[in-house]
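End of the sequence shown = 227 in my numbering, gap-free, step of one.
Any given hint might turn out to be false.
With beta-carbon atoms standing in for the labels, derived distance ranges [said to hold, decoys possible]:
(1) L43 to W107: 28 to 36 Å
(2) L34 to L158: 36 to 44 Å
(3) G36 to F97: 17 to 25 Å
(4) G36 to Q98: 19 to 27 Å
(5) G36 to G181: 36 to 44 Å
(6) L185 to L34: 45 to 53 Å
(7) G179 to G80: 28 to 36 Å
(8) L40 to R188: 44 to 52 Å
(9) T99 to V39: 16 to 24 Å
(10) W104 to G80: 30 to 38 Å
(11) I178 to W107: 22 to 30 Å
(12) R103 to G75: 39 to 47 Å
(13) G181 to V32: 38 to 46 Å
(14) F97 to G38: 18 to 26 Å
In short, the hints are calculated from the structure, not lab data. Glycine included, C-beta positions come from ideal geometry on N, C-alpha and C.
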Amino acid sequence: MTNRSSRAGGALAGVVLIGLGVLFLLGQFFNFSAWRYLWPFAVLAFGALFFAGMVAGGKSAGGLAIPGSIITMIGLVLFFQTLTGRWESWAYGWTFIVIAVGVGLFIMGWWTGEAERRQSGLRVAAVGFVLFVIFGSIFELGAGLFGARDASQLVFPVLLIGVGLYLLATRSGLLPRLGGPAAMPSAPATVPPPAPEPEPPAPEQVQSHQ
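Use the sequences and the hints to build the structure in full.
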């Protein structure tokens, strides 16, 4: 099992390195700066190494999923910012780190078979998503008041409405809480049977007393 996990981790690292090499080689042939847009993939590759270590180490290395998720999420945010040029989105992009912690906990619980850790991961990820919606709305809508409007100023109000509806639905019992135990149907109340009445004494016993 350990040898198989080690081979899988090494294969994953090899695929990542080969992919990066091919991209940079294409950049040399077609005269474009691959590093300008693809340098976040170096961060993603570093995060993938933690998952490779988790696979190689077995269940005892499940904790590597947390730093792996955080670094991978940072790489994804950097890739988005590189493509769009919206570096100011770090004002609320840090909330994705909270989401990544929840994702890492969930992966760790799935890898080690711990249901409670998976539930904790879902709760942490949900908190991070709510923080993303709140801070994203504050900064994006605030920027819309003093600058040009774009699609992001429509996305965050819709997300706010969605989160509010979800909170109302969970508080009213229409939907189960994310990461909470499923509601179990209540068992019907059982009525204890009546106590048996005492039997009358036999006639022989009555005559003997007389």
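Verdict for W104, G80 (Cβ pair) under range 30 to 38 Å
Since W104 and G80 have Cβ atoms about 31 Å apart, the given range 30 to 38 Å holds.
Is it true that the C-beta distance of G181 to V32 lies inside 38 to 46 Å, as the hint says?
43 Å, holds
So the hint says 17 to 25 Å: do the beta-carbon atoms of G36 and F97 match that?
19 Å, holds
For the range 45 to 53 Å, tell me whether the beta carbons of L185 and L34 fit it or not.
49 Å, holds
Range first: 22 to 30 Å. Now tell me if the beta carbons of I178 and W107 are that far apart.
Holds: the Cβ-Cβ distance is about 25 Å, inside 22 to 30 Å.
36 to 44 Å as the expected CB spacing between L158 and L34, which holds or is violated
Since the Cβ atoms of L34 and L158 sit about 42 Å apart, the hinted range of 36 to 44 Å holds.
Cβ separation of F97 and G38, checked against the hinted range 18 to 26 Å
24 Å, holds
Distance restraint evaluation - T99, V39, Cβ atoms, bounds 16 to 24 Å:
19 Å, holds
Is it true that the C-beta distance of L40 to R188 lies inside 44 to 52 Å, as the hint says?
49 Å, holds
Within 28 to 36 Å or not, the Cβ separation of G179 and G80?
33 Å, holds
Tell me if the beta carbons of G36 and G181 are separated by a distance inside 36 to 44 Å.
At roughly 42 Å between Cβ atoms, G181 and G36 fall inside 36 to 44 Å, so the hint holds.
The hint says 19 to 27 Å between G36 and Q98; measuring C-beta to C-beta, is that right?
Given a distance of about 21 Å, which is inside 19 to 27 Å, the answer is holds.
Hint check: no violations occur; every hint is consistent with the structure.
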